[in-house]
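So you can see what is in the structure, the chains are spelled out below.
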Amino acid sequence: MTVKEFFKSNAFKSLAVLICIVLVAGLLLAIFNDLLYISDEERLNRTLSSIYGEEVTAEPVELAEDEKEYSYGTVNAVYHIVEDGNYLFQTTGTGGFRDGNGKVTLWTVIACTGTREGGDLVLTGIEKVVYDSNEGQSYIANLNDAFYNFFAEHDELIAGGGYFEAVSGGTGDLNNVATGASQSSNAACNAVNVALACFRTVFIGGDA
Amino acid sequence: MNARKYGKIAYDGLITNNATFKLVLGTCATLGMSTSAVNSFGMGLSVTVVLLLSNVIISLLRKVIPNTVRIPAFIVIIATMVTLLRMVLEKYIPDLYDSMGVFLPLIVVNCVILGRAEAFASKNPVLDSAIDGVATGLGLTFALTVIGIIREFLGSGSFFGMQVMDFRIGFFTNAAGAFFVYGICIALFVLITNQIDKARRAKHARMLRVPSHDKPLPSPETAPTPDGEVK
Chain P
1 MTVKEFFKSN
11 AFKSLAVLIC
21 IVLVAGLLLA
31 IFNDLLYISD
41 EERLNRTLSS
51 IYGEEVTAEP
61 VELAEDEKEY
71 SYGTVNAVYH
81 IVEDGNYLFQ
91 TTGTGGFRDG
101 NGKVTLWTVI
111 ACTGTREGGD
121 LVLTGIEKVV
131 YDSNEGQSYI
141 ANLNDAFYNF
151 FAEHDELIAG
161 GGYFEAVSGG
171 TGDLNNVATG
181 ASQSSNAACN
191 AVNVALACFR
201 TVFIGGDA
Chain A
1001 MNARKYGKIA
1011 YDGLITNNAT
1021 FKLVLGTCAT
1031 LGMSTSAVNS
1041 FGMGLSVTVV
1051 LLLSNVIISL
1061 LRKVIPNTVR
1071 IPAFIVIIAT
1081 MVTLLRMVLE
1091 KYIPDLYDSM
1101 GVFLPLIVVN
1111 CVILGRAEAF
1121 ASKNPVLDSA
1131 IDGVATGLGL
1141 TFALTVIGII
1151 REFLGSGSFF
1161 GMQVMDFRIG
1171 FFTNAAGAFF
1181 VYGICIALFV
1191 LITNQIDKAR
1201 RAKHARMLRV
1211 PSHDKPLPSP
1221 ETAPTPDGEV
1231 K
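Going line by line, the protein sequences match chains P and A.
Take our numbering: the last position of the first sequence gets the number 208, and nothing is skipped along the way.
Take our numbering: the last position of the second sequence gets the number 1231, and nothing is skipped along the way.
These are computed hints drawn from the structure, not numbers from a lab.
The model shown is predicted, which means the values in this text are computed figures rather than measured ones.
Virtual Cβ for every residue (Gly too), placed ideally from N, Cα, C.
Hints may contain errors.
Below are the BS3-like pairs computed for lysine-lysine, each with C-alpha atoms no more than 25 Å apart in a straight line [to be verified]:
{"id": "1", "chain 1": "P", "residue 1": "128", "chain 2": "A", "residue 2": "1091"}
{"id": "2", "chain 1": "P", "residue 1": "68", "chain 2": "P", "residue 2": "128"}
{"id": "3", "chain 1": "P", "residue 1": "13", "chain 2": "A", "residue 2": "1123"}
Stretches of chain A that chain P covers, calculated by requiring three or more beta carbons in the stretch to come under 8 Å of a beta carbon on chain P [to be verified]:
{"id": "4", "stretch": "1056-1069"}
{"id": "5", "stretch": "1082-1091"}
{"id": "6", "stretch": "1094-1102"}
With the hints as constraints, model all of the structure from the sequences given.
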């Protein structure tokens, strides 16, 4: 086949059309990606308004690397809410769907009294838990409002040092399992537990 | 003539070839997303938008795309539309974006979309393909929403997120419950459409049997015998 024949062939036409489609698609996506970009600040503001229903001031709290890692999850970010003195944690829990490798990321508002600087910080409970994102959790939609509200309804047990669990058919007072999504529930509970553990060990001081 | 043709395309997409209840396509998303009516409705509308856009683009390019590479070309176009939809949903409807989870990117491989691209859009003009996309999408939205309403009501005791009952039957939020409700819905849909078809055929047959002349047909009593005598 000569070069001229190649450029007239069906193979060349197929290649050219495919490349053109891919280029146009890539250009379109690049433009829209720029137009519809969501900054970290915008994401945080969205989360804060979905939690508080109004604008609040959130100051980032710096943590050392070893203070962020736990055996069942990670602390991604912590904010101190100026208005009410509570702490907002963004944490990722492991142990979700897909052989326990799936992850669920949540925002957890830890309610407390006192100040960290004053050394009189006391954990009083969880004010709210809001969903953020997930990795490979097909049934995340099964985690409904009742599931997330459960975390904020057991202040006494949390203040007493309790942690949540997600055991199917379990009878524990802090057992929280959404029907049809027990592994995603486990990852979500782990995310909340990471926030609790971090607050207890890093902010208050002591064993998790 | 055109209105009749477009009406037929729309009726096919909505009823005769309903993607969910008749062709049983896109089952993965149907079963996974129908735990609540809102999610089902959102998923249905998302698929409708992708179907409309991909059908229009594929129909426009149908004479340009060589037959041998049509499937990869369709996949690239559909994937682009789905990614655009993802961006728009994440920006403007984040709640729906979050609730759809992994099923949103999976629209790329939804066989309803590729099926319509291959079977219809690649062979028909733009307007026909657009109508087909919208009709097929709305048929899918209807089916998903019906399944979502039933599963949400029985599984969570709520209707479009509003709590209306205290009871909950966990079975209906599981995969097994999804299959059960899906099967029952298919059976009912086929039963109803068959009855309508039967009634339509009977009406058509009656119309064909109506005599074209005004003279009444002779009754058996007055009908002439073979030898010409009247009884």
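Results of checking the hints against the structure:
1. P/128 to A/1091: holds, 24 Å
2. P/68 to P/128: This hinted pair holds, its Cα atoms lying about 21 Å apart.
3. P/13 to A/1123: holds, 20 Å
4. 1056-1069: Contact hint for the stretch 1056-1069 of chain A vs chain P: holds, 6 residues under 8 Å.
5. 1082-1091: With 6 residues in contact (Cβ-Cβ under 8 Å with chain P), the coverage given for the stretch 1082-1091 of chain A holds.
6. 1094-1102: holds (count 6)
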